[in-house]
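Just so you know, the protein sequences line up as chains P and D, in that order. Here the numbering used here runs 101 ahead of the position in the first sequence, where the first position is 1. Here the numbering used here runs 62 ahead of the position in the second sequence, where the first position is 1.
Please note that a few of the clues may not be correct.
Said to hold, decoys possible - Mimicking BS3-like on lysine-lysine, the simulated pairs with C-alpha atoms at most 27 Å apart in a straight line are:
(1) P:K529 - P:K485
(2) P:K447 - P:K406
(3) P:K885 - P:K485
(4) P:K885 - D:K340
(5) P:K447 - P:K529
(6) P:K752 - D:K340
(7) P:K485 - P:K752
(8) D:K64 - D:K92
(9) P:K885 - D:K331
(10) P:K885 - P:K752
(11) P:K119 - P:K592
(12) P:K752 - D:K331
I should point out that these hints are in silico values taken from the structure, not numbers from a laboratory.
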Amino acid sequence: MAGGSAISGLVGARVHRKEDRTILTGAGRYVDDVQERGMLHCHFLRSTVAHARITGIDVEAARGLEGVVRVFTGADMSAITEDLNFAQPIPGLHSPAYPAIAHDVVRYVGEPVALIVAESRYLAEDAAALIEVEYDLLDPVVSTTAGLADGAPQLFEDVPGNVVHADEQLFGDIEAAFAQADHVVTDSLDQHRWACNPMETRGGVATYDRGSGQLTYEASTQTTHTLRFLLAGWIRQPIHQLRVTANNIGGGFGLKFSIYREDVALCAAAKAIGGTVKWIEDRNEHLVAAGAAREEQLTLEAAVKADGTLLGLRVTMLLDAGAYPINPPATVYAGLVRTTLPGPYKLPAYQFSHKIVATNKASYISLRGPWAVETLVRERLMDKIASTCGISPVEVRRRNLITLDDQPTKMVTNVTLECVTAAETFEKMIGMVDLDEVRREQEAARAEGRLLGFGVGTFIEPAPGTQEFWAAVGFPFGAEPLRIRIEIDGKVTAFTPQTPHGQSHETTLSQLIGDELGVGMDDIRIVYGDTDATPFSMLGTGGSRAATMASGAAVYGARELRTRVLDIASHLLEASVDDLEIVDGIVSVKGAPGASVPLGQIAMGCWLAPDQMPEGTNTELEYVASYDGEGGGFSQASHACWVEIDQETGKVEVTRFLVVEDCGRMINPAVVEGQVVGGVAMGLGGMLLEHSAYDAEGQFLSATFMDYLMPSAPEVPEVEIEHLEFESDKVISSRGVGEGGTVLAPAALLNAIDDALAQVGRGRVMATPVTPTRMLELLGVIEKA
Amino acid sequence: MKPAAFEYLSPTSIEEAVQALTDPDDGDTKVLAGGQSLVPLLSLRLAQPARIVDINRIPGLGEITESGGVLTIGTLVRQRSAEHSDVVRRACPLMAEALPHIGHTAIRNRGTVGGSIAHADPAAELPTVAACLDAELVARGPRGERVIPAAEFFTGFFTTALAEDEILTAVRIRSAAPGTGAAYEEVSRRHGDFAMAGVAAVVRLDGDVVAEARIAISGVDLVPVRAGKAEAALVGRVVDEPTLVAAAEAGVADLHPSADLHGSAPYRKHLAGVLIRKAVRTAAQRARESR
Numbered sequence: 102m103a104g105g106s107a108i109s110g111l112v113g114a115r116v117h118r119k120e121d122r123t124i125l126t127g128a129g130r131y132v133d134d135v136q137e138r139g140m141l142h143c144h145f146l147r148s149t150v151a152h153a154r155i156t157g158i159d160v161e162a163a164r165g166l167e168g169v170v171r172v173f174t175g176a177d178m179s180a181i182t183e184d185l186n187f188a189q190p191i192p193g194l195h196s197p198a199y200p201a202i203a204h205d206v207v208r209y210v211g212e213p214v215a216l217i218v219a220e221s222r223y224l225a226e227d228a229a230a231l232i233e234v235e236y237d238l239l240d241p242v243v244s245t246t247a248g249l250a251d252g253a254p255q256l257f258e259d260v261p262g263n264v265v266h267a268d269e270q271l272f273g274d275i276e277a278a279f280a281q282a283d284h285v286v287t288d289s290l291d292q293h294r295w296a297c298n299p300m301e302t303r304g305g306v307a308t309y310d311r312g313s314g315q316l317t318y319e320a321s322t323q324t325t326h327t328l329r330f331l332l333a334g335w336i337r338q339p340i341h342q343l344r345v346t347a348n349n350i351g352g353g354f355g356l357k358f359s360i361y362r363e364d365v366a367l368c369a370a371a372k373a374i375g376g377t378v379k380w381i382e383d384r385n386e387h388l389v390a391a392g393a394a395r396e397e398q399l400t401l402e403a404a405v406k407a408d409g410t411l412l413g414l415r416v417t418m419l420l421d422a423g424a425y426p427i428n429p430p431a432t433v434y435a436g437l438v439r440t441t442l443p444g445p446y447k448l449p450a451y452q453f454s455h456k457i458v459a460t461n462k463a464s465y466i467s468l469r470g471p472w473a474v475e476t477l478v479r480e481r482l483m484d485k486i487a488s489t490c491g492i493s494p495v496e497v498r499r500r501n502l503i504t505l506d507d508q509p510t511k512m513v514t515n516v517t518l519e520c521v522t523a524a525e526t527f528e529k530m531i532g533m534v535d536l537d538e539v540r541r542e543q544e545a546a547r548a549e550g551r552l553l554g555f556g557v558g559t560f561i562e563p564a565p566g567t568q569e570f571w572a573a574v575g576f577p578f579g580a581e582p583l584r585i586r587i588e589i590d591g592k593v594t595a596f597t598p599q600t601p602h603g604q605s606h607e608t609t610l611s612q613l614i615g616d617e618l619g620v621g622m623d624d625i626r627i628v629y630g631d632t633d634a635t636p637f638s639m640l641g642t643g644g645s646r647a648a649t650m651a652s653g654a655a656v657y658g659a660r661e662l663r664t665r666v667l668d669i670a671s672h673l674l675e676a677s678v679d680d681l682e683i684v685d686g687i688v689s690v691k692g693a694p695g696a697s698v699p700l701g702q703i704a705m706g707c708w709l710a711p712d713q714m715p716e717g718t719n720t721e722l723e724y725v726a727s728y729d730g731e732g733g734g735f736s737q738a739s740h741a742c743w744v745e746i747d748q749e750t751g752k753v754e755v756t757r758f759l760v761v762e763d764c765g766r767m768i769n770p771a772v773v774e775g776q777v778v779g780g781v782a783m784g785l786g787g788m789l790l791e792h793s794a795y796d797a798e799g800q801f802l803s804a805t806f807m808d809y810l811m812p813s814a815p816e817v818p819e820v821e822i823e824h825l826e827f828e829s830d831k832v833i834s835s836r837g838v839g840e841g842g843t844v845l846a847p848a849a850l851l852n853a854i855d856d857a858l859a860q861v862g863r864g865r866v867m868a869t870p871v872t873p874t875r876m877l878e879l880l881g882v883i884e885k886a
Numbered sequence: 063m064k065p066a067a068f069e070y071l072s073p074t075s076i077e078e079a080v081q082a083l084t085d086p087d088d089g090d091t092k093v094l095a096g097g098q099s100l101v102p103l104l105s106l107r108l109a110q111p112a113r114i115v116d117i118n119r120i121p122g123l124g125e126i127t128e129s130g131g132v133l134t135i136g137t138l139v140r141q142r143s144a145e146h147s148d149v150v151r152r153a154c155p156l157m158a159e160a161l162p163h164i165g166h167t168a169i170r171n172r173g174t175v176g177g178s179i180a181h182a183d184p185a186a187e188l189p190t191v192a193a194c195l196d197a198e199l200v201a202r203g204p205r206g207e208r209v210i211p212a213a214e215f216f217t218g219f220f221t222t223a224l225a226e227d228e229i230l231t232a233v234r235i236r237s238a239a240p241g242t243g244a245a246y247e248e249v250s251r252r253h254g255d256f257a258m259a260g261v262a263a264v265v266r267l268d269g270d271v272v273a274e275a276r277i278a279i280s281g282v283d284l285v286p287v288r289a290g291k292a293e294a295a296l297v298g299r300v301v302d303e304p305t306l307v308a309a310a311e312a313g314v315a316d317l318h319p320s321a322d323l324h325g326s327a328p329y330r331k332h333l334a335g336v337l338i339r340k341a342v343r344t345a346a347q348r349a350r351e352s353r
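So here's chain P without its partners, still in its complex pose (with noise of 0.2 Å):
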C-alpha cells in the first residue's frame, strides 16, 4: 500500500481466519440455529403449476388442524402489506408490482400461494396438504423466443409482449468498421440456466415485540439495510421501529441481494400474530422456487482485419428474466454485460442491443459475476477470430489487448481503464505454459485415441468498478462506511455494513486496522449485520466492492483514530508524534522504549477524563469514515484449463487449471486463494453440471441434489494458482477478488472443449451445459435425441 501507511505486517500476510474458530466447531448462529421461546414454523404452499388463474383457494382444513396457529391466502397477506414493487425510473422498464402471496395468477412453479404458521414445521407441512388450490391453466412461456412469438401468452397486463426491456446502444461508427473488415466472424451462445446454492438457504426469525412495536428480522442477508429500507414500507412497519440483523451466512453468491416475497409475508406475519416465527427454506423449495440465473443467449459479430485486429463487434442479447423482477433491476444486468463486454480489448466500434424477457420460470437473479456471459462469449469470439484468420489464440490476444503502455484510455464503453493488467497476467501465465509441449501432447494422445483439449482466456472484472463504469451500467456507485472505537482498555471494534457470507471481512479488515492502530487480531472486534449498530449502505457485501471500499474505510478511519491517539501521546511523552510508533497496543517513542504509554491509558482518559487530557486533542475515540475509493479500479487475471475428453462416454475431465490473477495488493493471500478457487468450481460446475431445468409445460426437473448436480471434491481439479501484484499509487491498491473465477473458468474451459472438438473436425459447443449427451452428440458418437 501506497500513501505512507503503517505497516506492521499483518496485511499481506496469511493471517488464519478469525471466522474459522467460529464456524468449525459449529458455535455459529445460523438461521436455523436461532431457537426462541414461543417460535412459531412456516411453510409456503407453492404453485405446482407454471402459470394459472387461481379461481379458488380452500384453507378451512388446513386452519382447523391442532398446532396451526394461522394460515395466510393471498388475499389475507395482501390486506396486510403492500406489493413489492422494485420499479425504478429507468425509461422503457416495465417492473410489475406483485403481491407477497399470489392471489390471482400464478406464474412459475413454486410461487407461493399460501403461508402456514404452525408449532413445528412439521404440521406446518401437514396443514399445507390440507389446503386445496383451484388452478384455471394458462399457457406457460418456458423461452425467450416463445415469450417473444406472436400471440404468445402475456405474463402481466403491464410488461407488452413479455418485453421486460429493450435497448441497443452504439459507441464509434459501427457501419465503418465492418465496411473495413477483411473477415466478418459470426458466433452465438446458448446459455443455460444454473443458481446460486449457498449452503445455507433463505430464511429468516422474525419477531415482533408487542410492547414497544418494534419488529426484529434476523435474516440470511447479504444487505441488511436494504432489507430494512424495502421491508419497511412492504409490511407497514416504521423503519425506526424495523431493526435487521444477520450472524453468520451461509453463502449468498448474490442471490441474498435481493428481498423476496417471503421475506415480507414472514415479517408480515409475526407482526399480525405478535409473535416469533421462523422460516427456512428446504433444499427442495430453494431449488424450485429461490431463482436462478445466467439464462442468455447472445449473438456475436466481429469485424476483424486480416491479422486478426478487432474493428468492430456487433451483440445481441436475450435474457430470460423469469416472472418476477427483483433487486436490483434487469436493466442493471444488461447494462453490465454491455459496459463489460469488450473488456480488456482494443476495440473502435460496438453495437449492443438486449431484450429482457419476462417467462413462467423462478426469477432471475445475481450470481457471482451476474455479467459473466460477456467474457464468455468474448473469450470465445476471440478464439473463432484465431482461427479464421490462421493465428494461434494466444497471438489473437496479444494483437487486440490492451497492455499497461496503451493506458489509460477509455474503453469504446466510455469507461477509462487505468492500471489494468490483463495483458500482463495473460503474458506471465503464457510463460509458465509451454505451447509446443502442449501441442505435442495433444497429437501424442490422439495417436492412442485419447483427445486432448488446451483453452485461455482473459478479462477484467469491475471489483469494484469506477464511477465512470458504474455510470455506464445505470447504478450508483455510493462511497463505503465505517465506524471504529477505540475502546476504554484500548481494544478496537468496527462496525462495518458489509455483511460478510464467506469472504472474511473479520480477518481483513482486522488486519487492515491492526497495522494502522498497531493492535493485535484478537484485540480488534468486526461487527456487522445489525442496523442498529452499522453505518447505512444499500449495498451491503456485494458486487466485489469490500476489498476496495471496506478496507479504504477502515484504513482512513483508523489512520483518523491513530493521528488523534498519537496526538494526545506526543503531549504524554513529549515527543514529535513523527517519533511515536504503535507496537501491541503501546505507544513508543521510537528506539526509546522506555518512553511509552499503553493505548489502552489514553483510551481511558479519552472516555473517563477528557478534559484532563492534553489541551486541544481531539479525545474523541470514535469515528465514521468515509472511502469514495478513489476512482475505483479493476481486477483482471488470465486462466488456462487443459481437459481430457472421453470420446466414448463423453465425460470431460478438467485435468490442469492455472490462473495468474491481478486484485493489486493481496490483503491476505489466503483469503484471495480461497475465492479463486471457489470461483473456478463454480465455474466449471456451472458449465458441466449445475442446471435449473424446466420441460415444455414449465415444471422445474432439477428439484433436488440428485438432480440439480454440484460440483464435488473429484469433480474439482487443483487450481493452479500464481498472483501478479500490481500496486496503483492509491492509498487502497486492493481489488476484489470473489467473483472473477467464477466469470473467467467457463471461458477457458469451453475453448479447451472446442480445441479438442476441433481436432477431431468437430464443430463448437453452442449451447450449455456440456453434459456427457451433448459432448458425444458434438462428437458425432450419438444423434441428437
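Dock chain D against chain P, hints included.
Coordinates of chain D only, in the frame set by chain P:
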C-alpha cells in the same frame, strides 16, 4: 422437507416384524433398513406410509456366511461391511467390484445389501449384481420362507415380487467358480451419483474360450436387464475386440432406455454398449489371471 406422520415400530424378531407388516392389512407399511433411499422419500413426502417397521434391531440378519458353495448375505449387512469382507471378495468378486460405486462412504456405512435390492432402483448396483448372478432372494412372510430367483424378483420400476407382508431376509449367490473373472463398470455424472448406465459382467473361460458369460445392465429399463444376446454372442468364442463389439451390439439391440436430465436415450444405449465391452474385456482378463 419434513415427513408426514407415521407409526414407528421396532420389532426385535423376524416373526414380530412380519406380524407388523401383516396387521393391519392395509398395505401401507414400509420396511426401514439403512434408510438411504426411504428417508429422503419420506422427507420429500413422495412416500407417506402409515407405518414404518424398522428391522435394524432384529438379530441374525447381518451375517455373511459361505457354505456348500453358496454365499449368503444377511439383509442387514451394511454395504460397507460387505465391501470389506474377505468372504465376499473371494466368493463374489462381482459384488466386491460393484459396492464401491454405491454413493459415498457415509451412505454405504448405513445402506444395506438387502435394502438396496428390495428398493429395486433399476440404476442401482446391487439389483444388477443380483440379476447378473441369478441370485436367490430369501423372503420371509406369514406363510414362512420362500426363495425368489432374481429373474422373477424385479417386476417393475421400484417394484419386486415381495408381497406386502414379506421381508427380504437374505441374498444367496453361488460362489464364484475357478476360472471366473468379474467386472462392474458404470458411468455417472459425478462420483457417487446413480449411474446413467452400468454393466455387471462375469466370464468363465475354458482355455481361451468363453464357457459362460453373464451380463446385466443397469439404468436402461424399468428393471436391471440381463443381456442374453450379448452372453450368447460370447459363449464359445475367444474374447477379442471383434467379439466384444459384436457382443455389445447384441447386448444393446433391444434396449429402449428412457431419457432424463442426465442422459438422452441414444446416450444411454450407446453407453451400455461401451460398458459391455469394457466390463467383459476386464472380466475375461481377470478370468485369465485367475488360472
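Violations among the numbered hints, reported as their numbers in ascending order = Violated hints: none; all satisfied.
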